[in-house]
Structures are given as structure tokens and as C-alpha cells.
Amino acid sequence: MFKKSNIVSLMAAAGVSLFSAQAAYAQVIKVDGSSTVYPITEAVAEEFQKAKKNAIKVTVGISGTGGGFKKFCRDETDISNASRPITEKEMADCKAAGVNYVEMPVAYDALTIVANPKNAFLKEVTVAEMKALWEPAAQGKVMKWNQVNPAWPDAPVKLFGAGADSGTFEYFTEAMVGKAKSSRGDYTASEDDNVLVQGVSRDVNAIGYFGYAYYAENMAKLKGVLVVNPKTGKAVEPSAANVENGTYAPLSRPIFIYVKVKSLDKPEVKEFLEFYMKHGAKLTKEVKYVPLPAAAYTGNIDHVNKKKYGTVFGGKNEIGITIEDLMKREAKM
Amino acid sequence: MKPLTTEEIRAVIAKGKFYDNLFKAVGVFCLAFALLVIVALIADMVIKGSERFTLDFFFNFASRRATEAGILSAWVGSLLVMLVTAMAAVPLGVAAGLYLEEYAKRNLLTNIIEVNITNLAAVPSIVYGLLALGIFVYQFGFGQSILSAGLTLALLILPIIIVSTREAIRAIPAMIREGSMAVGATRWQTCRFHIIPYAMPGILTGVIIGLARAIGETAPIITIGALTFIAFLPPVPFSAADAGTTAGLFDWLLSPFTVMPIQIFNWTSRPDPAFEVNAAAAGFVLMVMVLSMNAVAIYLRYQMRKKIKW
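If you read the protein sequences in the order shown, they are chains H and A. Just so we're on the same page, the working numbering is the position in the first sequence counted from 1, plus 53. Just so we're on the same page, the working numbering is the position in the second sequence counted from 1, plus 1.
None of these hints come from the bench; they were simulated from the model.
Derived, one-sided and incomplete: chain A residues facing chain H with beta-carbon distance under 8 Å:
(1) Ser64
(2) Gly226
(3) Leu228
(4) Thr229
(5) Phe230
(6) Thr269
(7) Pro274
Cβ coordinates follow ideal geometry from the N, Cα and C atoms, glycine included.
Bound conformation, chain H alone (with noise of 0.2 Å):
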């Protein structure tokens, strides 16, 4: 006995000297969350340590949105990549664990439907019919294309989707089905969309949906397909520009960073969030997302000045939100 308790408190001498270690050794910003926000939060790390001379360390790591906000709630991480506001529960996980933080939205994203180049059919589409084709009682029953539409050939679906997990899946049922997370389930799944980029580009009758830069980097082996704005009644194609002026709806959402208060103590993340924010625009663009109006990143920082904590979602996912809306709401904050 004498000797297992010397062992257990080796061990746990160990493991604190360990630590206290860490501690010495800091002056790491950590980053975690969507894998959606990941391509704009990682070119701003990389060249702010290019910037600093790697004075300054940042990690950037994927768990998704919902698997970012776990950690950040927990405060192990300093800012949380979300491809949508935060939801009621994170907001109680947060305040539990004495978490605040400030809600920046960096980027706009535009799911896009796509279709194979050579499907002569598909050439818009309404929210009405993604609903007869996606909701779950069309599950083994809308099989051809004239169901949904008469005027489509009596030719067979094939249906490729974000997998259940992901913030994509989410906000597209919501949008299109009516409800978050409520879809057919007999179609091809995949976290990964560039599965989802091969299966489309390969079969003549496919159908499928992803975020924007899969569709912007794939142009050649996909055809973009126009959704009908249900407020206007005309066809909009998915495009950079067709987000900015806010005609792409409801498949344009904002994505955004969540950043710790109590990080924002530390001059470090202050400099990584004004460097973010300053060159946020141009990066953004870069890794083919659509870049906020200048006005909304300058409003970032000044909500950090000005301590204007917490979300303006109320823990709500909202459909269709143009850049001119949420630039008014956050305005108001």
C-alpha cells in the first residue's frame, strides 16, 4: 500500500511540475471551432506570425462549430470559429463557466446548390422544390426528377448533402426544408466536400450543396445552379457579388469569430483581432469568401473599446440575414 500511494503521488508531483512548466512557456493564442471559418482565421494567422517574426504563436484547430463552442465554454481556447451565431445552450454553458466574449462577424458564406455541367435541365431552382426533394417524407419517394418538377425528364436523383454534424446541414434545412437539421436521410453524406465536389462532377443527375469556396474552386467541373430570392421571385446566380448586394437569399449566412473577454486581456489577442479585422477583408477574399463592407470590421474592434459583450442572435439561427441587416443590428448593439 505504503508503495502504490508513493507512486499515485509521484505521479501527481509530476504532472503539476508539468504544468507550472507550461505556464512559464505561454504566449499562445488558441483558436478552434468551424471548419468552414478555418481557411479565413488561418491565413490571418499565418501572416500575423509572418507580421510578428513568430513572436507570437497562434494554433488553429477544427472541431467544428458545435465542438468549438464546447471547448471555449470549458475556457480552453482564446477565440471559436462559428459558421453561426451561438445557440441558447452554448450561452448557458458560457455564462456557467463564467465565459464572455465578443461576437465578430468576419466573412459572408453562400451555400451553393450545384449540379454536373452537363445536366441541361437544372438551371434554377426554387425553395419550394429543394423542399419536395429534401424533406424527409420525400425519403424513398421523390426518385426522378419529374416529381419535383414536370417539366424535368423522368431521369433518377441523386442526391449528395453535408453530413449531419456540420453547420452547413443545419442552416440549409433550415432554409430550405423549413426546419434545422430535418432531412431525407437516403442521399450521400459527407464532412468532407470534396466528396461531395467528386460525386456531382461524375453523375449527369446529381444534385448536391456545399459552401461556396468548393463550388469557387471547382467552376470547371460543376455548374452553379440560380435559387429563385423568394422575396423577389427571380433567379440569382451564387456569386460573390450576388451576396454583397444581398439578392442571394436565404442561402447567404454570415460566419464569425467569438472571442474570449478574458483573452482580450492579454496584448497578444489584442493584436491578432486588430490585424484580423485590418486585413480580414483582403484575406477573406483571397481564400474565396465574400468580405464584410469595411464599416463591420472597424465596428468589431469598437465593440471590444466600447465592452459590448454577448451575441445580437439571442441564441437564434436566422435565415436569409443580408450584410445591410446584420451590419444594422450590430450597429444598434
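Position chain A relative to chain H; hints supplied.
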């Protein structure tokens, strides 16, 4: 019984030879098939990744630009994690195997342990990841570090090392033990001077098979929180750290990290197809790492076998 004529005997022999050759052909075909698959895989990676085989690729950090991105943090991370894994798993595994073979009595308890170890080898790696997340990362407070990852993979390959140690020990003839004890050696002396040295080639094979499996693991490493973008290396012992302090001897153990499989996985899932070239090149590098580990093992085994003289 009527004696067989020469013709009949020849026919029987010919039939036997036919099956002999048939089996040989099937065997060669199977071997060729397996080899072809591996050669095709390697060739595919080399051809796809050929334009990235530059020094920059090995000494650059990850980047959003495919042509500038490299695997420095990934291969350093992989090597350090393997070092921790080997340091933890080899002594534990070999000692456990030795105890079970040479010291433990055969009873219900050892039987249960035996069954469990064999079963552990078949547990999906993600389960080890979840266990490690709870114990190493949170309970012991090691955080998302090289130490946590190394210990996790050590758990993962421990059953492999124990089982192969036991196999190797079992292959030693009983007369060696008896001879040693007959001239007055204690049990420990027998183990120390006979059992361990003679079992070493077999143990080494198990260790390398285990490490080769560990180096390609992704799931448990992701679970405990390996990073995707990390553009710095763990601190070198006694190098200058921040604010005039020096890094301690073991600071690197608690550094955040990434490993090769995660880097490859990240590159294959990026929007820009140019990253597929990086993924292929990194895949080839990982393959070379595994093959060279195997090569070292084979060499050491050969050297050790030469020394054994019964």
C-alpha cells in the same frame, strides 16, 4: 493388394506435382496481387506529389497556399509523439509480457487478464482517444499536448507489444530455462541473461509493428485535440523562450502539436485541388517513415539473431 505398375506410380506422382505447382501458382498470384496494390499506391503518390519533393516542403510550415505549404510541424510532431509512445509502451509492454510468461501462476485471474489483453488489441482506436481525453487531457491536466498523444498511442499499442513479447518468450525452448536454473541462476538472472536477449528479435518485431500502426493513427489524436494549423515547433530543451526564460528539458512534452496523418487529412479536404498534390507528397513521406522504421527493425533483428548461439 495388387502392386502398382510403374505407370500408375508415375501418374500418382504427376498428380501430386500438378497440385504442388497449382498451389505455387496461386501463392505467387496472391503475393503479386498484394505487391501490385502497394506498388500502385506508392507510384500514384510519387507521381501526384512529385512536384512537391523539395527541401522547402520538409522545412515549411502549413500555409493556405498549396505551393508554400510544408510538413515541418507534422513530421516533427509525428517523431516526437512516437518517441513518447515508444518510451512508455516498450518498458511497460515487455515487462508485462515477461511477468505473464515467466512469473505469473496459471489461474483464473491470469486467464481473465490474458483474454482481456487479446481483446484490447481489437478495440477501435477512437475508444482509446475518448479514454485519453478524460484521463490524460483533463484528469492529469496534460492538456492537448505531445505527452497526451504519446501516452494515448502507447495504450493503443501496448496489447500488441505484450502479445508479441509473450509469443517470443514462448518460442524459447524450455531447456534453456532449465539449464540456466540448473547451474544456480535465479529466475531474474535467467530472464536477464537468457530469456530477454533471446526473445529480443521477436519483441522488436512487435514493437515496430505497434509503432507503425501508431504513426498512422488519426482518430484518437483528433479526439484528444491535435491541431490543424500550427506554425511553430515544440521548444528545444534549454533554448531561449519568451521573456528571457529558457525552455526546460521537458517543455516540449506539453507543447501543442500536429501529426502527419492529420496534415494529410486536412489537405485532402480543402477546397483548392492543388492541395491534393501536397497530400500525395506527404502520404509518400509517411510511407517512407513507416518503411524505414521496418527496415531498422529488420536490420536490428538480423544483428541480434547472429549473436544467439544455442
